[in-house]
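Respectively, the protein sequence lines represent chains A and B. So for the first sequence, the numbering used here puts the first residue at 1; every next one is plus one. So for the second sequence, the numbering used here puts the first residue at 1; every next one is plus one.
Honestly, the hints are just simulated from the structure, not real lab data. Note that CB positions come from ideal geometry on N, CA and C, so glycine has one too. Do not take every clue at face value.
[As the list claims (entries may be wrong)] Okay, derived cross-link-like pairs now, PhoX-like style, lysine-lysine, Cα gap no bigger than 25 Å in a straight line:
no., chain 1, residue 1, chain 2, residue 2
1, A, K21, A, K32
2, A, K329, A, K285
3, A, K125, B, K259
4, A, K115, B, K55
5, A, K366, A, K241
6, A, K136, B, K259
7, B, K55, B, K108
8, A, K201, A, K32
9, A, K368, A, K241
[Claimed, not checked] A few chain A residues that don't get close to chain B, going by computed Cβ distances all over 10 Å:
no., residue
10, E16
11, V110
12, R111
13, L121
14, M170
15, E193
16, R223
17, E234
18, E291
19, G294
20, T311
21, E336
22, K366
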Amino acid sequence: MATDISMPQLGESIAEGTVVKWLVPVGGMIEKDQSLLEVETEKVALEIPSPATGVLTEIVVQAGETVPVGTLLARIASTTPSEAINRVGGVVVRPMEPIPEGEGHHSPAVRQLAKAQGVDLSQVKGTGAGGRVTKKDVQDFIAQRGVQANVTTPDGGKSMGEEILPLTQMRRIIADRMVRSQQTSAHVTTYFEVDFSSIAKFREGRSLTYLPFVVRAVTRAIRDLPVVNSAWGEQGIIVKKDIHIGIATALDDGLLVPVVRHADRKGLVQLAKEVADLAERARSKKLDPEEVQGGTFTITNHGGFGSLFSTPIIYQPQIAILGVGAIQKRTVVINEGIAIRPMGYLSLSFDHRVIDGATADQFLGKVKGYLEQSHWEQIL
Amino acid sequence: MTTEIVQGQQEVTYLEAISQALDEEMTRDERVFLMGEDIGAYGGAFKITEGFLQKYGEWRVLDTPLAESGFVGAAIGAAMMGLRPVVEMQFADFISCAFDQITEVAAKNHYRWGAAVPMVIRAPFGGGVHGGPFHSECPEGWFFHSPGLKIVAPSTPYDAKGLLKAAIRDPNPVLYFEHKFLYRRIKAVLPSEDYIVPIGKAEVKRAGNDISVITYGAMVHLALEAAQLLANEAIDVEVVDLRTLIPLDRETIYGSVRKTSKAILLHEDNKTGGIGAEIAALLAEECFDCLDGPILRIAPPDTPVPFSTPLEEYFLPKASDIVAAARRLARY
Numbered sequence: 001m002a003t004d005i006s007m008p009q010l011g012e013s014i015a016e017g018t019v020v021k022w023l024v025p026v027g028g029m030i031e032k033d034q035s036l037l038e039v040e041t042e043k044v045a046l047e048i049p050s051p052a053t054g055v056l057t058e059i060v061v062q063a064g065e066t067v068p069v070g071t072l073l074a075r076i077a078s079t080t081p082s083e084a085i086n087r088v089g090g091v092v093v094r095p096m097e098p099i100p101e102g103e104g105h106h107s108p109a110v111r112q113l114a115k116a117q118g119v120d121l122s123q124v125k126g127t128g129a130g131g132r133v134t135k136k137d138v139q140d141f142i143a144q145r146g147v148q149a150n151v152t153t154p155d156g157g158k159s160m161g162e163e164i165l166p167l168t169q170m171r172r173i174i175a176d177r178m179v180r181s182q183q184t185s186a187h188v189t190t191y192f193e194v195d196f197s198s199i200a201k202f203r204e205g206r207s208l209t210y211l212p213f214v215v216r217a218v219t220r221a222i223r224d225l226p227v228v229n230s231a232w233g234e235q236g237i238i239v240k241k242d243i244h245i246g247i248a249t250a251l252d253d254g255l256l257v258p259v260v261r262h263a264d265r266k267g268l269v270q271l272a273k274e275v276a277d278l279a280e281r282a283r284s285k286k287l288d289p290e291e292v293q294g295g296t297f298t299i300t301n302h303g304g305f306g307s308l309f310s311t312p313i314i315y316q317p318q319i320a321i322l323g324v325g326a327i328q329k330r331t332v333v334i335n336e337g338i339a340i341r342p343m344g345y346l347s348l349s350f351d352h353r354v355i356d357g358a359t360a361d362q363f364l365g366k367v368k369g370y371l372e373q374s375h376w377e378q379i380l
Numbered sequence: 001m002t003t004e005i006v007q008g009q010q011e012v013t014y015l016e017a018i019s020q021a022l023d024e025e026m027t028r029d030e031r032v033f034l035m036g037e038d039i040g041a042y043g044g045a046f047k048i049t050e051g052f053l054q055k056y057g058e059w060r061v062l063d064t065p066l067a068e069s070g071f072v073g074a075a076i077g078a079a080m081m082g083l084r085p086v087v088e089m090q091f092a093d094f095i096s097c098a099f100d101q102i103t104e105v106a107a108k109n110h111y112r113w114g115a116a117v118p119m120v121i122r123a124p125f126g127g128g129v130h131g132g133p134f135h136s137e138c139p140e141g142w143f144f145h146s147p148g149l150k151i152v153a154p155s156t157p158y159d160a161k162g163l164l165k166a167a168i169r170d171p172n173p174v175l176y177f178e179h180k181f182l183y184r185r186i187k188a189v190l191p192s193e194d195y196i197v198p199i200g201k202a203e204v205k206r207a208g209n210d211i212s213v214i215t216y217g218a219m220v221h222l223a224l225e226a227a228q229l230l231a232n233e234a235i236d237v238e239v240v241d242l243r244t245l246i247p248l249d250r251e252t253i254y255g256s257v258r259k260t261s262k263a264i265l266l267h268e269d270n271k272t273g274g275i276g277a278e279i280a281a282l283l284a285e286e287c288f289d290c291l292d293g294p295i296l297r298i299a300p301p302d303t304p305v306p307f308s309t310p311l312e313e314y315f316l317p318k319a320s321d322i323v324a325a326a327r328r329l330a331r332y
């Protein structure tokens, strides 16, 4: 039977001790209660008697080293059965209990942090006393997790055939907002198909894109169903009286959402001008900070590169976002005939906490209705 | 520390800061008067009121007999009649003679019939001056348990002056614990204009991220010394100086521990049932979710303060005790 010799607790508030001298060499015989080593703390110096009779098989802490109370100093292989607890001169010495590894022994701070950040604590290597996972271990793990996601191949090893693109501030912000939005809202996306014939006809001879028409139709639909133009608040749903439409604008290295203020009060020409101006200045990074704030509803025109559908992520704290797909000529059935029409899909992602499918579909139906009407002259 | 310091001004000691506060308040408000043993002709056991008798006369600087219960009772009466007495205990150790007057009368009058008791009791406390068991005590714990009192314990000349002025202007009975060890050992340049340090506001004397050491009085300086040593080991200690014991500035205490997740409570009063015990309980109740290690207390053992110099040195907390405890917490 082996007996572990640990640094004893030699007084209150004493956290460590220094091994001054080993009085028995490794391999030497030792009697129970015979002096085994000299230990010094900042308050006392004394000889520690052996808790057992046997052979000193191993010295872990050499003379001159200072170690915390409870640290394993040496091992004695007993030649006779002995007490497992250490006794020092008749006083029971209580080595600091090592904290067992594994689940169920995490501190409140560690549990709280792991929960908030979705960390599986069994994956975290503990560096604390007895292998305990400390709060800092969890923080380091979270930081490391972020880095690893970027610099390692799926098999976990670094590859020479890779390059690391440093995270720009914008990239970090986008990443953070997108993830947070998905954690915040109950995303559902619904799709409608729209016939853009009347708009296509109206655009002939005019330098207008489809986008201002969509903005116009959206603001009309919001006036019909104001709850879509709202935000979730703990005290209730905050319905916004003003209609400010954000226009997601792709940049070379990211994305910005400049806002057309009071879009419902503007005519098509004005909307077209503002949308073009904002997009231009977003790309040349000349927007003022307030021009990307305060949006109440967002439109993302993902069709520019040919995309038909999308499942856009809501721009918090708004509750809905409209994706506009590519407008292509398709064969459609009209009455009993087949026609060729410029068609496009609208994708509306909405927060199911705030509105239900019926309201969302009603809203998107209204957008479709406004887009397919043919009185564009009147709102030029 | 927060007020701008006028260049070229003379440094004053902690003791002089107390003296200045008394002088300025007596000049500002003629209701303020002093009572205590040997404070008049002799100028006080520590010479804090030297010259006051000549300046303010015997009606405002009253030498009292050795009868703490009697003169604290008289001060309570004067306070209730509209005066602003400042009573000096020659040593805080003697305050127990007036225990009944302080805890049963001064502390409860307002509760019982709404009568304000705007008085201050100055109590020179603490060890490290080889004063033995009757001249070194930290008796704040007894009063900490008594509702109806305010208790302050400054650690710097700036706080000593500002807190004494705030105490004199406060409508409640305030126990002002001034640390004898600091009297002539620390100096600072003080603002020339009138200022107070609000009662109930702790101050972070050193910001850090790893461990909060929460303390007051002379121990603040010990904590700062230990923090300096620990900085060499990359252990970043925050030192919170409570300054006021009642009412405790919970916001600052919780804010610090929520940041560091580890707390050491350090005081010179006995460990059992001390202020550290109360704060430990508050942290367990209010900050449990942020704790990442045991709450540790560093305080002297539950014995009288020894007279023997080596024993007193052993008895009092030392920077090495804080270093050892901080290392243990850092490793935990």
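key: Violated constraints from the hint list, given by number and in increasing order   = 2, 4, 7, 8, 10, 11, 12
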